[in-house]
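Number of protein chains: 2
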Amino acid sequence: MKLTILGCYSATPRTFTNPTSQVLDISNHLFLIDCAEGTQVELRRNKVRFSKIEHIFISHLHGDHYFGLIGLISTFRLLKRDKPLTIYGPKGIKEIITLQLKLSNSWTDYPLYFKELTSTESEVLFEDDKVVVSTIPLQHRIYCNGFLFREKLGERKLLINKVEEFKIDKAYYKSIKKGKDIKLDNGTIISNKLLTEDPSPPKSYAYCSDTRYDEEKINLIKGVTALYHESTFLESHKHLCHITGHSSAEEAALIAKKAEVGFLILGHYSTRYDNIEKFREEALKIFDRVGIADDGKFFEF
Amino acid sequence: MKLTILGCYSATPRTFTNPTSQVLDISNHLFLIDCAEGTQVELRRNKVRFSKIEHIFISHLHGDHYFGLIGLISTFRLLKRDKPLTIYGPKGIKEIITLQLKLSNSWTDYPLYFKELTSTESEVLFEDDKVVVSTIPLQHRIYCNGFLFREKLGERKLLINKVEEFKIDKAYYKSIKKGKDIKLDNGTIISNKLLTEDPSPPKSYAYCSDTRYDEEKINLIKGVTALYHESTFLESHKHLCHITGHSSAEEAALIAKKAEVGFLILGHYSTRYDNIEKFREEALKIFDRVGIADDGKFFEF
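Quick mapping for you: the protein sequence lines, in order, are chains A and B. Here the numbering used here is used: the first residue of the first sequence is 1, the next is one more, and so on. Here the numbering used here is used: the first residue of the second sequence is 1, the next is one more, and so on.
Fair warning: there could be bad hints in the mix.
[What the hints assert, rightly or not] Derived DSS-like pairs: lysine-lysine, alpha-carbon spacing no greater than 25 Å straight-line:
| hint | chain 1 | residue 1 | chain 2 | residue 2 |
| --- | --- | --- | --- | --- |
| 1 | B | Lys178 | A | Lys94 |
| 2 | B | Lys222 | B | Lys193 |
| 3 | B | Lys170 | B | Lys203 |
| 4 | A | Lys47 | A | Lys297 |
| 5 | B | Lys102 | A | Lys102 |
| 6 | B | Lys157 | A | Lys102 |
| 7 | A | Lys80 | A | Lys102 |
| 8 | A | Lys115 | B | Lys102 |
No wet-lab data here; the hints were simulated from the structure.
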């Protein structure tokens, strides 16, 4: 998995910082998560092959998480896209986009699908043989979801020296990787355990922005490889968290600790702060595996 | 008048070029003309005091002319604006903006007014004692207006040495500047002509983007100080002009020549071209006072 941060500040775009968007490269998918104003330029700047994006997940309808969506959809049209694109986001997103396409008389030439969300329970949005994406209901000022990306357990790994030793025909490799035993021409049965080893443990990524401190989501994100959790405020402004529906760095770390995640990534910083390193310092008091997001930075896990 | 080009390319934002937006500083107003994605960042980058903007003119509802509007409106709210803001643009612009404000539950705290346009005749949009702004109906693929900004004739200029010579009380200066004669205490009448000189001739700026070649607008823009006229294509792609509703550099120059304008500014270049200097070269074959817009460039006239 490779997570590229296109923008990780709250509120407004500024000359050198962008509001929220990130792209997750996982199991041959490029998933775009949130799409603030400027996202398409950041995709170019970070040399992401953004025509490959087929699924866009919008957490909520505050502008710092989706104002770049209509522009990206339009740019795909101008770039002569033909692949389908699916938008997952709160009810209303379809009306916002289609109203603008209608008024500009610029319908897309490619199939554009919407899956509008209303549930306050976690639900599966996308699934194929490699990955499953589901919602993480979040507590914010308006209806909001995080997103959980889970790799599925892969095929067993073939031990090449072993299959060659038993002179097994390559035609059987596919079924061996699926865990099947093999019967040789002489009738001997070779146990799959002799021919393969366990697949890599599947990885997972949880995106939680925007949200106030809320332990209800802990079960959903328990043990994920990496958790992005918003930390809009430092301790000095902790009193603003509840009313604005945001979290402090310490609160994010507390969720990470209770959910026993592998690694915590902080972001969605209030633009009032100059030094984002302080977010890590405050989180480290609670949890010891903390990274700080910054525009253009990427995380591999 | 000072015209700052925030973006002057067509179609999509790219890493180093922006779609259309410009800001006109005239008679103590900052008028924003079109507002593509990224405009608020370009306002910051160009150090425009954008809280001073009270009027935004949107030519048409293609995204490269207005996708940054909702973001700017939202940023004004976050910056605690209290001054009114008026948006002038095609019918539908109000629904686009208010739908998004409603769904984000983020109504502005400042008064936000819309004047929606439907007329295909020129109409006055704004007027005060210094300036009048009216539409220039344009021929594009969808309903589109250019905008004409005309300074009004200013007050007569006081000849300080003369009014002092006649020992005229300062209380009369205001009426002298308005053109009144003065009666001295001894009964002598001093003609205004002795005390003042003509005001500077009023300046004017016409913004014409997007439009195909169309001579109907020439009467409206006759003799303006500066004309911004779109030139999406070079001669090599002239065959695309009519069907896309755009103009070539030569066509823009021909309009400038027939309208006898003071100065032509070219812009709205197709992103297929690397060297925008060629637009000037082609226009210079027809008209000899040609400037080329570029992002971050400004023109004073």
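Each hint, compared with the structure:
Only pairs whose Cα atoms come within 25 Å are accepted, and Lys178(B) paired with Lys94(A) is rejected, the gap being roughly 57 Å. Between Lys222(B) and Lys193(B) the alpha-carbon distance is near 30 Å, which puts this suggested pair outside the 25 Å criterion. Note on Lys170(B) and Lys203(B): the hinted pairing is violated, with a Cα-Cα distance of about 29 Å set against a maximum of 25 Å. Under the criterion of a C-alpha separation no larger than 25 Å, the hint pairing Lys47(A) with Lys297(A) is consistent with the structure, at around 12 Å.
Restraint check: the Cα-Cα separation between Lys102(B) and Lys102(A) comes to about 19 Å, which is no more than 25 Å; the hinted pair holds. Note on Lys157(B) and Lys102(A): the hinted pairing is violated, with a Cα-Cα distance of about 53 Å set against a maximum of 25 Å. Restraint check: the Cα-Cα separation between Lys80(A) and Lys102(A) comes to about 18 Å, which is no more than 25 Å; the hinted pair holds. Only pairs whose Cα atoms come within 25 Å are accepted, and Lys115(A) paired with Lys102(B) is accepted, the gap being roughly 20 Å.
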